[in-house]
Every structure is written in structure tokens, then in C-alpha cells.
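Number of protein chains: 2
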Amino acid sequence: MKLKPKYFEDFEVGLNFESEPTLITKEEIIDFASKYDPQSFHLDEEAAKNGPFGQLTSSGFMTLGKSFTQIFKTGVYDGTSMGAWGIDELRWTKPVYPGDLLKTKIEVLEARKSAKNPRRGTTRLKHTVTNQNNEIVMTWISNQMLRTKS
Amino acid sequence: MKLKPKYFEDFEVGLNFESEPTLITKEEIIDFASKYDPQSFHLDEEAAKNGPFGQLTSSGFMTLGKSFTQIFKTGVYDGTSMGAWGIDELRWTKPVYPGDLLKTKIEVLEARKSAKNPRRGTTRLKHTVTNQNNEIVMTWISNQMLRTKS
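Keeping their order, the protein sequence lines are chains A and B. Numbering-wise (our numbering), the first sequence opens with residue 552 and increments by one. Numbering-wise (our numbering), the second sequence opens with residue 552 and increments by one.
Here chain A stands alone, though its shape is the one from the complex (with noise of 0.2 Å):
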């Protein structure tokens, strides 16, 4: 589903909405975790069974970064987006194993015109992550700033 381009102005407080399903793979799971989170229960199936969640599990950092790519997809930042900066609120309530597949809805908490700058503005959005049992297993808050529509 590829929905149009949105500047800061058609973020409006209460807006949601979903992307596309993605399928996480072990193959990326140990690609991310070798370059970005070395931990042995992201890197090695086997160690991963005597650590905290007895098996192998997604990079935390790699599902926050998956999840921004799913919503990126759905076209409303094209050309719109000027960058995030800040995230508040991460948590990462479930585990993320192999063969899961996520997805991410977003819903606006708050819209901020820029006091300084007329041409852009800071929207609050979050995200919250959902495997194929409709278990949250993720949720996140960005600062993301917009070009408004001027």
C-alpha cells in the first residue's frame, strides 16, 4: 500500500496508520548483530540457547531500524522528511525470533510548528510493532521533523 507523500500539515494529532508486513530472516539477524550488536544471542544459534532468551533474537536496533524502513515505504516521507531528532520511549516488550514477521502502525501524538524555522515543523510519532500473533514487541516514540507545505 503506497500512500501519497504527507508534509508536517497532513500529520494531523490522532492520524494512523500501517505499513506492509516485513519477514525477519535469521541470515539478517546474524548480518546486523556482527556489525552492530555482537551479543552472542544475536550472533550464534548456538550460544544463544544459554543466554536470556534461549535462542537466537533480533538486534533491538535492528527492529527499531526496520520498523522506521516499513513506515519510510509507504511513501509519506518522500521528499517531506527532514530527519528525526530524538526517539523517547523505546521499549522492547517481546523478543523478535526468526520466521517473525512485523509490522508497524504509527499514530501522531503531537504536531509542533518550528518557532524558528517557518518551513518545517517536529511531529511525534509512535510506533508500535506487532509480530504475526499480534504480540506488540516493540513501541517507540520519534521526533520527526517535516517540511510544511509553504
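These aren't lab readings, by the way, just hints derived from the structure by calculation. Where hints are given, some of them may not hold.
The list treats identical chains as one, so a pair stands whether inside a single copy or across any two.
[Unchecked claim] Using 20 Å as the maximum straight-line C-alpha spacing, the simulated EDC-like pairs for lysine to aspartate or glutamate come out as follows:
#1 K677 - D639
#2 K677 - E640
#3 K586 - E596
#4 K553 - E640
#5 K654 - E686
For this one, chain A is given, so just place chain B on it according to the hints.
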């Protein structure tokens, strides 16, 4: 500089230490962005000239994973990390460019033993990432679970 693994009890409030520096390359920025943050200003040098930063910049998610890995490589989590349950107050304060040399300092803000499980506790660790000019490019607080000594 390799440090000894630290258990929950070793992360005393106020303790701080620093990672080795890591060079950020253009190739890594583009490779990461292609999978986890495909915004044009992280992905395409030419397009980035017209983007919000005027040049190619690292995905903030990549900077996050790099800074965790820098601390991980000190050895403090070897056999003691039980994963993290969240991040608070992540701020990207300056762009990260190809050729930047980043390092990460952590400071223990709080330490709280689990009420449910005496074999672990959560430490709140403030991460401060700086570049070669000693400018702060990112700060974030992790809620890191660690094994207790018992």
C-alpha cells in the same frame, strides 16, 4: 583498552568509562541506509546535497548501533549482559559525516535490582557520542539488564 566483564553490582552510580574511537566511512553509511534507513540524504551523495544537511550523513540508527558496539567491545558486557528493555531520551544533536571518528562515553545514572528476579538488575546508562572535534553528536540512555554476581 579491554575492561573486565562487569556484573550488575559493578555498575555503581557515577562510574564512567570511554570506548576506543571508530571511523565512520561513506561505504558503511550507504550500506546501512540501504537496509535500515533509506532516506536519500543517507543513501546518495548527490541527492544529499539538496537534503536537509547539504551532504551525506549517517543514519542515526547506525550511529546508535555503532555506539552500543563500541561499549560492547570494551568487554564490560562479556557474559553479563541480559539484553536491554528500552531506551530513553535519545537525541541526535549534530550530523555524523563520512570520515568522522566517533567515540562513546558511558556513565551510570541509576542501578536497580529486579524485584522479581534476584539474579538480575537494570542499570540506566547515559551514552554520550562525540566526534573528532569533541562535539556531541548523540546522547541516549539505555535500560540495560545485567546478571548479578550471586
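Now for the hints, and whether the structure bears them out:
Taking the shortest Cα distances, K677 and D639 sit within 20 Å of each other both inside one copy (9 Å) and across copies (14 Å). In the homo-oligomer, the alpha carbons of K677 and E640 lie at most 20 Å apart both inside one protomer (9 Å) and across protomers (14 Å), since each shortest distance falls under that limit. Only within a single protomer do K586 and E596 lie at most 20 Å apart by alpha-carbon distance; the minimum there is 17 Å, versus 23 Å between protomers. For the identical chains of this complex, K553 and E640 are neighbours neither inside a copy (28 Å) nor across copies (31 Å), given an alpha-carbon limit of 20 Å.
In the homo-oligomer, the alpha carbons of K654 and E686 lie at most 20 Å apart inside one protomer (11 Å), although the nearest pairing across protomers, at 36 Å, exceeds that limit.
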